[in-house]
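**Student:** For reference, the chains in residue letters:
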Amino acid sequence: MNTCTHYQVQNDECEIFQYAVQHRLPVLIKGPTGCGKTRFIEHMAQQLGRPLYTVSCHDDLTAADLLGRHLVGPEGTYWQDGPLTRAAREGGICYLDEIIEARKDTTVALHSLSDHRRTVHLERTGETVIAHDDFMLVISYNPSYQNMVKGLKPSTRQRFVAMSFDYPEPSVEASIVSHEAGIDEATAGQLVKLATDIRRLTDIDLKAAVSTRLLIYAGKMLSSGCPARKACLYCLIEPLTDEPSTLEPLIRLVDAHF
Amino acid sequence: MEEVIGKIWDRWVTRQVASDYSGASVRLADLQAELTLYYHALGGAPGKTLEPADTRRVRLRRTGMQRVAGTHQRFALPWQDERSVRLPPSLAVFPSARLNTALYYWQVAMAAYLPQVHNWFADNQQTVLALIGHYPGLGRQYRELAETLLTLRPPAEDLPDDLQRRERAVAEALRNPGALADLPFARFDCFPVWLWSYPPPVTLHCVPEASDDSSTERDPGQRSPRQTRLEQRKQAQRIDDEHETDGLLVFLPDSLMSWTEQINLDRCQDDDGDGDLDQVASDLDLITVSSRRKATAAKVKFDLDLPAAENDELCLGPGIRLPEWHFKQGRLRPDVCLLQPLLTDDAEPVSLPPHLAGTADEVKQQFSRLGLQRTRLRGQPDGQELDLDAWLDDYSRPVKDTTRQNFFLDRRQHHRDFGCLILADLSLSTEGYVSDDCQVIDVIRDSLMVLAEGLDRIQDEFAIYGFSSVRSNHVRYQLMKNFGEPYSDRVRGRIARIKPGFYTRMGAAIRQSTRILDMQPQAHRVLLLVSDGKPNDLDQYEGRYGIEDTRQAVIEAQRQGITPYCVTVDEQGHDYLPYLFGRDGFAVVRDPAQLPGVLPRIYLNLSTH
Ligand SMILES: Nc1ncnc2c1ncn2[C@@H]1O[C@H](COP(=O)(O)OP(=O)(O)OP(=O)(O)O)[C@@H](O)[C@H]1O
Ligand SMILES: [Mg+2]
Numbered sequence: 001m002n003t004c005t006h007y008q009v010q011n012d013e014c015e016i017f018q019y020a021v022q023h024r025l026p027v028l029i030k031g032p033t034g035c036g037k038t039r040f041i042e043h044m045a046q047q048l049g050r051p052l053y054t055v056s057c058h059d060d061l062t063a064a065d066l067l068g069r070h071l072v073g074p075e076g077t078y079w080q081d082g083p084l085t086r087a088a089r090e091g092g093i094c095y096l097d098e099i100i101e102a103r104k105d106t107t108v109a110l111h112s113l114s115d116h117r118r119t120v121h122l123e124r125t126g127e128t129v130i131a132h133d134d135f136m137l138v139i140s141y142n143p144s145y146q147n148m149v150k151g152l153k154p155s156t157r158q159r160f161v162a163m164s165f166d167y168p169e170p171s172v173e174a175s176i177v178s179h180e181a182g183i184d185e186a187t188a189g190q191l192v193k194l195a196t197d198i199r200r201l202t203d204i205d206l207k208a209a210v211s212t213r214l215l216i217y218a219g220k221m222l223s224s225g226c227p228a229r230k231a232c233l234y235c236l237i238e239p240l241t242d243e244p245s246t247l248e249p250l251i252r253l254v255d256a257h258f
Numbered sequence: 259m260e261e262v263i264g265k266i267w268d269r270w271v272t273r274q275v276a277s278d279y280s281g282a283s284v285r286l287a288d289l290q291a292e293l294t295l296y297y298h299a300l301g302g303a304p305g306k307t308l309e310p311a312d313t314r315r316v317r318l319r320r321t322g323m324q325r326v327a328g329t330h331q332r333f334a335l336p337w338q339d340e341r342s343v344r345l346p347p348s349l350a351v352f353p354s355a356r357l358n359t360a361l362y363y364w365q366v367a368m369a370a371y372l373p374q375v376h377n378w379f380a381d382n383q384q385t386v387l388a389l390i391g392h393y394p395g396l397g398r399q400y401r402e403l404a405e406t407l408l409t410l411r412p413p414a415e416d417l418p419d420d421l422q423r424r425e426r427a428v429a430e431a432l433r434n435p436g437a438l439a440d441l442p443f444a445r446f447d448c449f450p451v452w453l454w455s456y457p458p459p460v461t462l463h464c465v466p467e468a469s470d471d472s473s474t475e476r477d478p479g480q481r482s483p484r485q486t487r488l489e490q491r492k493q494a495q496r497i498d499d500e501h502e503t504d505g506l507l508v509f510l511p512d513s514l515m516s517w518t519e520q521i522n523l524d525r526c527q528d529d530d531g532d533g534d535l536d537q538v539a540s541d542l543d544l545i546t547v548s549s550r551r552k553a554t555a556a557k558v559k560f561d562l563d564l565p566a567a568e569n570d571e572l573c574l575g576p577g578i579r580l581p582e583w584h585f586k587q588g589r590l591r592p593d594v595c596l597l598q599p600l601l602t603d604d605a606e607p608v609s610l611p612p613h614l615a616g617t618a619d620e621v622k623q624q625f626s627r628l629g630l631q632r633t634r635l636r637g638q639p640d641g642q643e644l645d646l647d648a649w650l651d652d653y654s655r656p657v658k659d660t661t662r663q664n665f666f667l668d669r670r671q672h673h674r675d676f677g678c679l680i681l682a683d684l685s686l687s688t689e690g691y692v693s694d695d696c697q698v699i700d701v702i703r704d705s706l707m708v709l710a711e712g713l714d715r716i717q718d719e720f721a722i723y724g725f726s727s728v729r730s731n732h733v734r735y736q737l738m739k740n741f742g743e744p745y746s747d748r749v750r751g752r753i754a755r756i757k758p759g760f761y762t763r764m765g766a767a768i769r770q771s772t773r774i775l776d777m778q779p780q781a782h783r784v785l786l787l788v789s790d791g792k793p794n795d796l797d798q799y800e801g802r803y804g805i806e807d808t809r810q811a812v813i814e815a816q817r818q819g820i821t822p823y824c825v826t827v828d829e830q831g832h833d834y835l836p837y838l839f840g841r842d843g844f845a846v847v848r849d850p851a852q853l854p855g856v857l858p859r860i861y862l863n864l865s866t867h
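Chains as they are written, first to last, in the numbering used here: chain A, 1 to 258; chain B, 259 to 867.
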C-alpha cells in the first residue's frame with residue numbers, strides 16, 4: 001500500500017462513511033466490479049489512520065478462516081486470531097470483499113459483531129472478544145451476478161448501512177482515468193464515452209460492464225504509444241466477451257470513437 | 259456474330275442501367291446480429307430490433323434507358339417507426355463490400371441518433387453533425403462514404419434545372435452537413451441518399467368498415483370519416499396500386515395474407531383512438547393491402563370468434579384482471595387484461611408415450627445424478643475425510659471430552675428447495691412445422707412431458723401452464739398441473755391435449771405465473787417460459803408495445819425474487835430476448851426437435867451451482 005492513495009470523491013460517500021464511523025455502524029458497499037469499492041475503503045482507512053484487514057470471500061471460506069483457529073507450533077498447539085477477530089481486538093477496518101461468495105453459515109458469524117453487541121464469541125477457546133472502539137466491519141458485493149442459489153440473507157443485510165457504488169459519472173471517471181493512467185483529459189474523455197456506449201449493452205448483450213479499472217488499463221497502454229484500436233480491443237473488448245458476433249460490432253464502436 | 263452483338267448490347271444496357279455493384283453486395287441477414295448490438299450501444303431504443311425494409315416508390319426522373327429496363331422506381335430505403343428500424347435487405351451502393359458494410363453501420367448510427375425524421379433535409383444534416391462530433395472515427399468514415407457516394411450519384415449537369423438545384427443542394431449538404439437549411443423545390447425526388455434516414459413510407463390502404471363484409475366491393479365514395487382523414491393526410495404520396503405490383507406479390511404468401519386481413523378487420527373495430535389509427539397506417543405500409551384484395555379475400559377465412567362454449571376447456575371462474583405496461587406513458591395501466599384460467603377437464607388420462615420413453619429415461623438419470631451432489635459438513639462423527647481443524651480444537655482443549663470425537667468431514671446430499679412453473683406458449687405459430695411430420699406444438703408437448711418426468715424424479719415442486727390470447731380481454735391461461743397436484747396420468751392427459759391457437763400476450767401470462775409462484779414457499783422459484791417467438795397479439799401488442807410490456811412483467815417477477823427464464827426455438831431470439839430476459843436469462847434452441855432433451859438440461863443448469 002502506498003502512503004497516499006489517490007481517491008476521487010464521486011458523491012457523498014465519504015461523508016456517509018464518516019457518519020457510520022462516528023456511530024460505529026457496519027457498512028455494506030455494493031457495486032459492479034472495478035468501480036472503486038476497494039480503492040474507497042483503502043482511502044477511508046488511511047484517512048482514519050486505521051489498519052485495514054481485507055478478506056476475499058469464496059465458497060469454501062469457513063467461520064474459522066475469519067475468527068481464527070488452533071495451529072500446531074513447536075510447543076504444541078496455539079490459537080491464532082483470524083482477520084476479523086484481530087480487527088475486533090486491536091481496532092481496525094475488516095473488509096470482506098465479495099461477501100456473497102461466502103456460505104450463509106459463515107456470514108452468520110458476523111451477526112454479533114455487526115449489531116449493538118459488537119462482540120464475537122470464540123467457541124473454540126471460550127473467549128468473548130469485545131470489539132475495540134476503532135473496529136469497523138465493511139462488506140461488499142456485486143449485485144449484478146444473478147444466481148438463484150446465492151444471495152445475502154435478509155437478516156445479514158439488515159445489519160448494515162448500505163451504500164451503492166456505480167461507475168463514476170463521465171467527467172469524474174475521465175479525470176480518474178486521466179490521473180491513474182497518465183493520459184490527457186481529452187483522450188480519457190473519449191475512452192469514457194466509449195465505455196458509456198458499451199455499458200448500454202450490459203446485462204442485455206454483455207454479461208459484465210467495462211469497469212473503470214479496464215479503462216485505466218487501456219489508458220495506460222495508450223499513454224505508452226499503443227494504438228487506440230489495439231488498446232481498446234485488448235483492454236476493453238476482449239475481456240468482456242468471447243463471441244465473435246459481439247466482438248465485431250464492438251470493434252466498430254472503437255473505430256467510431258478513435 | 260448476332261450473338262456477340264446481343265451480348266455486348268445486353269451488357270451495355272445493364273451497365274447503363276445498373277447503379278449498384280452486385281459483386282460487392284452485403285446482406286442485412288448476415289450482419290443483423292452485429293448491427294443490432296451496434297444500434298443498442300449507440301443508444302438506440304432498447305426495445306427495437308432491425309428488420310429488412312420493403313421497397314417503396316421513389317419518384318425519380320428516370321433516363322430513357324432506365325425506363326426501358328424498368329428499373330429505378332422502387333428502393334428499399336432506411337427508415338423506422340415505433341416498431342423497428344428498417345434497413346435495406348442488401349446494400350450494393352459502393353463498389354467494395356467494405357464500404358457497403360460500413361454503410362450499414364452508418365445507417366444504424368443514423369437510426370440511433372435520429373429516431374424520427376420530421377424535416378428530411380435538415381434533420382439528416384443535423385444528425386450527421388451530431389454523430390461526427392461525438393465520434394471522431396465515425397467522422398472519418400463518414401467523409402470517406404460521402405465522398406465516394408458523391409462520385410457515384412447521377413451527375414447534376416445532366417438533370418433539368420429544378421432537379422439540378424436540388425441535387426446540388428444535397429451534394430453540398432453531404433459535403434458540409436448543416437450548411438443548408440432548405441431543400442430546393444423540384445418535381446421529382448432526387449436519387450436516394452443512402453447516408454440519410456427516411457421517414458416512414460406511406461401507401462394506399464383500404465380500411466374496410468367494421469360491418470363491411472370483406473368480400474363485397476367497396477364504394478370509394480362511402481369512406482368512413484376516419485379513413486378519409488387518414489387518406490387526406492397521405493394523399494399526396496399515394497401509390498396507385500392498380501399499376502404497381504412489384505414488392506407486393508413477393509411479400510404476400512397466403513399465410514401472411516390472412517394475417518393481414520386479420521389486422522385489417524380487427525383494427526377497424528378497435529376503439530383505441532387516434533394513436534392506433536397511425537399504427538394501422540404504418541402497419542399497412544409494411545404489408546400493403548392492395549385494392550385488389552377482394553380477389554384473394556374469398557380464400558382468406560380466419561375465424562375471429564372465440565371457441566364456442568362446447569369446446570374442450572372449462573372456464574375456471576369469471577377471469578382475472580391484470581395490468582399491462584404502457585411504455586409511452588411509462589406506467590402500468592391497471593386491469594387492462596382479462597385472463598381466463600381454463601382446464602381441459604375431460605382429458606383422458608394417458609401414460610408416457612412410447613416414443614418418449616428413451617429420452618425420459620435419460621433425463622431421469624441425469625436428474626438422479628444431481629441428487630448425488632453434496633455439500634461438505636465439518637466436525638462430523640463420521641465421514642470421508644479428516645477434519646484437521648476439529649481435531650486441533652479438541653487437542654488444544656485443556657479437558658478433553660472423549661465422547662465428542664467429531665473429527666470428520668462428511669459430504670452429504672443437501673436439500674433442494676425449488677419451485678418451478680413451466681409456462682408454455684400455445685399460440686397459433688406453434689402450428690409451424692419443425693420437420694415433415696412434426697410441428698412446434700408436438701415438440702413443446704413432448705418437452706413438457708419429459709421435463710415433468712425429471713422434476714417428478716428429483717421431487718422439485720412444479721406446475722405447468724400454457725397460454726395464448728386474443729387481445730387483452732381474452733388471455734387464455736390453461737392449467738395442466740398446479741403446484742399442489744401430484745404428477746399423474748391425468749396431468750399427462752391434459753398435456754397431450756394442447757393445441758395451437760391465437761396469439762402471444764406474454765406479459766399477462768407472465769404476471770399471472772408470477773402471482774402463482776409468489777404463493778409458493780420454496781427458497782428458489784423459477785418461471786420457465788417455453789416459447790417459439792416474440793410477444794404479439796392483434797392489437798398494439800405487436801411490436802415494441804408487447805416487447806416493453808413483457809420486459810416489464812419479467813422485471814416485476816424478478817422483484818418478487820423469482821427467476822424468469824425463457825427457452826425458445828425462435829432462431830431470431832437473440833435479437834430481442836436479451837432485452838426481455840437479460841443476457842443470462844434465456845436460451846435459443848436452434849434445432850427444435852432437440853427441445854425435449856435440451857429443456858431438462860437447461861433446467862438443471864439453472865437450478866444448480
Ligand atoms: N474514485 C476513484 N478515485 C481514484 N481511482 C479510482 C476511483 N474509482 C476507481 N478507481 C480506479 O479503479 C481501479 C479499480 O477500483 P477498485 O479496485 O477499487 O474496484 P472494486 O470496486 O473494488 O472492484 P472489484 O469488485 O472487482 O474488487 C482502482 O485501482 C483505481 O485505479
Ligand atoms: Mg475490490
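Hints may contain errors.
Facing chain A, according to a computed beta carbon distance under 7 Å, are these residues of chain B, among others [to be verified]:
1. Asp593
2. Ser654
3. Pro836
Think of the hints as simulated: they come from the structure by calculation, not from any bench.
Beta carbons are placed, not taken as given, at the ideal position from N, Cα and C, and that holds for glycine.
**Student:** Confirm or reject each hint.
**Tutor:** We went through each hint and held it up to the structure:
Against a cut-off of 7 Å between C-beta atoms, the interface hint on Asp593(B) is violated, since the closest Cβ of chain A lies about 30 Å away. Interface restraint check: Ser654(B) against chain A, minimum CB-CB distance 4 Å, threshold 7 Å, status holds. Of the supplied interface hints, the one on Pro836(B) holds, with its beta-carbon coming within about 4 Å of a beta-carbon of chain A, less than 7 Å.
Of the hints listed earlier, the one the structure fails to meet is number 1.
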